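Residue numbers (my numbering): 9 to 316.
Calculated directly from the structure, the hints in this document are not laboratory data.
Computed from a predicted model, the values in this text were never measured in an experiment.
All C-beta atoms, glycine included, are put in the ideal place defined by N, C-alpha and C.
Errors might be hidden in some of the hints.
What the hints assert, rightly or not - Derived SDA-like pairs (lysine to any residue); straight-line CA-CA distance at most 20 Å:
(1) K295 to A183
(2) K227 to R246
(3) K227 to D110
(4) K227 to G158
(5) K227 to D264
(6) K214 to L230
(7) K273 to T261
(8) K214 to A183
(9) K214 to L251
(10) K214 to G199
(11) K295 to E117
(12) K214 to R146
(13) K273 to K295
(14) K227 to L126
(15) K214 to T194
(16) K214 to G231
(17) K154 to R246
(18) K227 to D203
(19) K298 to A183
(20) K214 to N177
(21) K154 to S115
(22) K154 to M198
(23) K295 to N177
(24) K295 to D203
(25) K273 to L251
(26) K214 to S232
What the hints assert, rightly or not - Distance ranges between label pairs, derived from CB positions:
(27) E296 to T252: 22 to 30 Å
(28) R311 to D256: 25 to 33 Å
(29) G158 to G301: 31 to 39 Å
(30) Q299 to D256: 19 to 27 Å
(31) E162 to G260: 45 to 53 Å
(32) E123 to D203: 26 to 34 Å
(33) R311 to A255: 42 to 50 Å
(34) D203 to S115: 25 to 33 Å
(35) W204 to E135: 48 to 56 Å
(36) K273 to R127: 18 to 26 Å
(37) G158 to R311: 19 to 27 Å
(38) Q299 to A120: 17 to 25 Å
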Amino acid sequence: MSTVAVVAACAHAPTPVVGPAPTTSSGTIVARPSTPPATVHDSTIGSDAIGPLHREADDSAHVSAAEVTKRAAEVFGDSSARMADRDSSASASTGHDGPSWDIDVHSYETTARVEHYLRVFSGSAREDIIAQLEAGSRFEPMIRAKMRAGGLPEDMYYMALIESGYDPNAYSRAAAVGMWQFMASTGRDMGLRVDWWVDERRDPVKSTTAAVRFIRGLKEQLGSLYLAAAAYNGGPGRIARGLTRYADDLEGTTGDDRLFALADKDFLPRETREYVPQLIAAALIAKEPKQYGMAIRTLPPFRYDSVR
């Protein structure tokens, strides 16, 4: 699966280099020869930034939104109640009126891994994170719209930050390409054209459509959004084997908690263990940058035409 991009947990941004054309197992070149120079991405966080991390119990109390939901149902009906439940839960768990997230950040924001990446992203990696979030703002409306249309939380938008720093020309040493870091075979499976002349993994719009399709399929297979995200990075087979191997240990653990419980085992590669904590940390910082001493500009949106 795709190698996580350098979202810069180092003190400086990587030097752009021209990556070699990706090949199939038979040696056939699949990347278009005339593509722009690509930035090679290999890992999100350097070894100096990752210490021995252990999951901490999240003992924070969450204020119930039941009364808000009940009142919304009485006045506006069930659909409004569901929206009120989501929004008031986010507001209640932050303790103030502010941004809300449609992925579960608050259940895990005080775990050791997430707190670690909050420090890294707002510390040694801050300039790179700022630059990449600003670059991503061009694609944000398009990506959020496609996530929503595909039945996924819009905040999965931040996965592309972890994958590539929102770089459509990103290229990993494992030959994963594009903003969503597809391998050639996976890209083709998701409907992308990858051949001598065209590599749609570099197309921000088409690759996002493919990423939504892939993430949705992983979620349906594994039953959890965060397990799906980890599988996007480490492969669904590896996640499934881990869940089977540690089934007894994970008994009674449900939903996204299963990913964090599995990550505590010595089974997943470090990159995959840290993938979702990075996603959560990125989402927390991106929506409340001032809280972390950061200012992020919004760039004009990426414009594109759809040809049928």
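What's the verdict on K273 and L251, does the C-alpha distance respect the 20 Å limit or exceed it? holds, 11 Å
Is the hinted range of 19 to 27 Å satisfied by the C-beta distance from Q299 to D256? violated, 40 Å
Are the Cα positions of K227 and L126 separated by 20 Å at most? Given pair K227, L126 is violated - Cα atoms ~26 Å apart, limit 20 Å.
Would you check the hint for K214 and G199, treating anything up to 20 Å between C-alpha atoms as holding? Distance of about 9 Å is within 20 Å: holds.
Does the beta carbon distance between W204 and E135 stay inside 48 to 56 Å, or does it fall outside? violated, 38 Å
Satisfaction of hint between A183 and K295, Cα-Cα up to 20 Å: With Cα atoms ~32 Å apart, K295 and A183 exceed 20 Å; violated.
Per the hint of 42 to 50 Å, is the separation of the Cβ atoms of R311 and A255 within bounds? holds, 49 Å
Mind checking the alpha carbons of K273 and T261 for me, to see if they're no more than 20 Å apart? OK: K273 and T261 at ~14 Å, within 20 Å.
For the range 22 to 30 Å, tell me whether the beta carbons of E296 and T252 fit it or not. Distance hint for E296, T252 is violated at roughly 38 Å.
How does the Cβ-Cβ distance of G158 and R311 compare with 19 to 27 Å: does it lie in that range? Holds: the Cβ-Cβ distance is about 21 Å, inside 19 to 27 Å.
CA of K214 to CA of L230, is that 20 Å or under? Given that 20 Å is the threshold and the Cα spacing comes to 24 Å, the pair is violated.
For the range 25 to 33 Å, tell me whether the beta carbons of R311 and D256 fit it or not. Since the Cβ atoms of R311 and D256 sit about 53 Å apart, the hinted range of 25 to 33 Å is violated.
Checked against the numbered hints listed earlier, the structure breaks hints 1, 6, 9, 13, 14, 16, 17, 18, 19, 21, 23, 24, 26, 27, 28, 30, 31, 32, 34 and 35; every other hint is satisfied.
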